[in-house]
Structures are given as C-alpha cells and as structure tokens.
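> Chains as they are written, first to last, in this note's numbering: chain A, 1 to 142; chain B, 1 to 147.
The set of hints was computed from the structure by calculation and includes no laboratory data.
Since this is a predicted model, take the numbers as computed values, not measurements.
Heads up, the beta-carbon is just placed ideally off N, CA and C, and yes, glycines get one too.
Below, computed lysine to aspartate or glutamate pairings styled on DMTMM-like, alpha-carbon distance capped at 25 Å:
no., chain 1, residue 1, chain 2, residue 2
1, B, K133, A, D95
2, A, K54, B, E122
3, B, K126, A, D55
4, B, K126, A, D117
5, A, K128, B, E24
6, A, K100, A, D48
7, A, K17, B, E24
8, A, K61, B, E122
9, A, K128, B, D44
10, A, K17, B, E122
11, B, K145, B, D80
12, B, K18, A, D117
13, A, K62, A, D48
14, A, K100, B, E24
15, A, K41, B, E8
16, A, K100, B, E102
17, A, K100, B, E122
18, A, K100, B, D100
19, B, K66, A, D117
Pulled from the structure, derived: some chain B residues nowhere near chain A, Cβ distances all over 10 Å:
no., residue
20, V19
21, F46
22, L49
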Amino acid sequence: MVLSPNDKANVKAVWDKAGGNIGAFGGEALDRMFLGFPTTKTYFSHFDLTPGSKDIQAQGKKVADALTLAVNHLDDLPGALSKLSDLHAHKLRVDPVNFKFLSHSLLVTLSSHLGNDFTPSFHASLDKFFSNVSTVLTSKYR
Amino acid sequence: MVHFTAEEKAIITTLWSKVNVEEEGGEALGRLLVVYPWTQRFFDTFGNLSSASAIMGNPKVKAHGKKVLTSFGDAVKNLDDLKGTFGHLSELHCDKLHVDPENFRLLGNILVVVLAKHFGKEFTPKVQAAWQKMTMSVASALASKYH
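Just chain A, same shape as in the assembly (with noise of 0.2 Å):
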C-alpha cells in the first residue's frame, strides 16, 4: 500500500498540526497502548510502566523522533529507518502484530487532540503510514 503524493502531503499536514507536541503525543500513545493491549508491556519489563512514567515519556519521545524522521522522509522510510529495522529485527524482536497495538494507538492520541482536525482523509492517510513504517521495521525479521 503505496502512499500517493496526497498521503505524503496529509502525513505533513498532521505533524505540522501536532507541532512541538509530538514528543509527548508519543508517550501518550505507549499510556494508551499499554493499558488498551496489556500484552505489550511483555516488552517492556524493565520500565517503570505507571501511565506517564518518566520512562514512558522518555520512550514516547525517541518513537517519536523516529517517526519525524521518517515524514521527512517519506521517499524514502527503508533508507531512512534502516538501522531502525537492523535494531527490530536483530535485538528488539518485538512480534509484528504490536505494531498494529502502538499504530493505533497515535492514531487514538491524535484524534483525541486534533478533534474535527482529524479528517477521514487525515485519518486514512496516516494509517497507511504507520503501516508502511511497521512494514519497514520488520522487513528484516526473516
């Protein structure tokens, strides 16, 4: 599921509108998943998992980097994330299916903060991003 020129563009125009929130648009969305899909935490034993936990947050803020990094890069998410999907598919090992946990919940936390600004073509345009991102970081799995 490629995204078309208007996708890149939509994906832009939401992360402009989260601005400097993004950072902590990221933490919120672990709050949300870890709560929504508890199984996730598995991953994360080693945290302090009390919702807004300052490794939460710290977590929340480098997912969320990575994300900018890749909306600036949206030619190009395998070369931009490359060592991203070394890191996923080598050490972290986190199953494929959480991704689909942590996709969903941005887009929850996004909703939730943008309201009406959170268009349907937003919307879709966004899923198929985290999508493609999560296609990326496992594509070296096996």
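Given the structure of chain A, go ahead and fit chain B onto it with the hints provided.
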C-alpha cells in the same frame, strides 16, 4: 466469557450516555469505508462512494452507521452476555452477509478513534482501555456463531 469489572462497566455506560448514535454511527461507518476502502465490498448498493466527502455525506452510509451503532447500544446494556445478545446477528453476518469477522475488529478500532475525536481529553487511556475491551468483545461475540 469476557468479564467486565464494575469500574469498566461504569466507564462504558457513562460515556455511552453521551454518544450521539446517529452522528457517531455515521461517522464511524464512513471512516471505515474511507480508511479501509476494501470494506466497501459489502456496500455495492450504497451509491456514490467515490471519495472521502462522498462517503461521509452519503445518506445510506449515515443510515446504516446509525443502525450499527444502535446495535452497540444493546451490547452496552448486556455486557454480561454479549454472546447471547449477538447470537442471532452472528448467524446473520456469517450465513447471509458473509462478512469476514476481521471487519468487526476494524470497525471497533475506528469507533474508538471516533470516540477519541468526539470526547477529546475525556477519552483518557483508562477510558480507551475499557472501550478496547468492549469493542473486542463485541467483535468476538459477532464472530462466535461462524462456521
């Protein structure tokens, strides 16, 4: 059988009492068809689904969305027996409508996004978690009579 705690039930019913079923049902079904266009396969008779705005404004989509979300209301009233409540609808979706149960999960998640959009900050991670459980349970109940 899924068990909802007293707290989860309270969260679900409280939020539900503020949901505009007509508006949010239409929005949820519309977004399903926009975000996952292959779901349009079940709605050949709905007329113009050619663009996001056509879909969101389509009166048949809105009407059907209202029907679907009204059914969710039955779930809210029967959280302790979702399988019983949706047995008949499950048979219908399998035998007559031939809908892959994956679509119930997709719609459930779309509904969560729509609730988040509508309720904003009130749709906290804790509220979302109760609703994830709710939508997943409804999806399961709807799939329970498939064969």
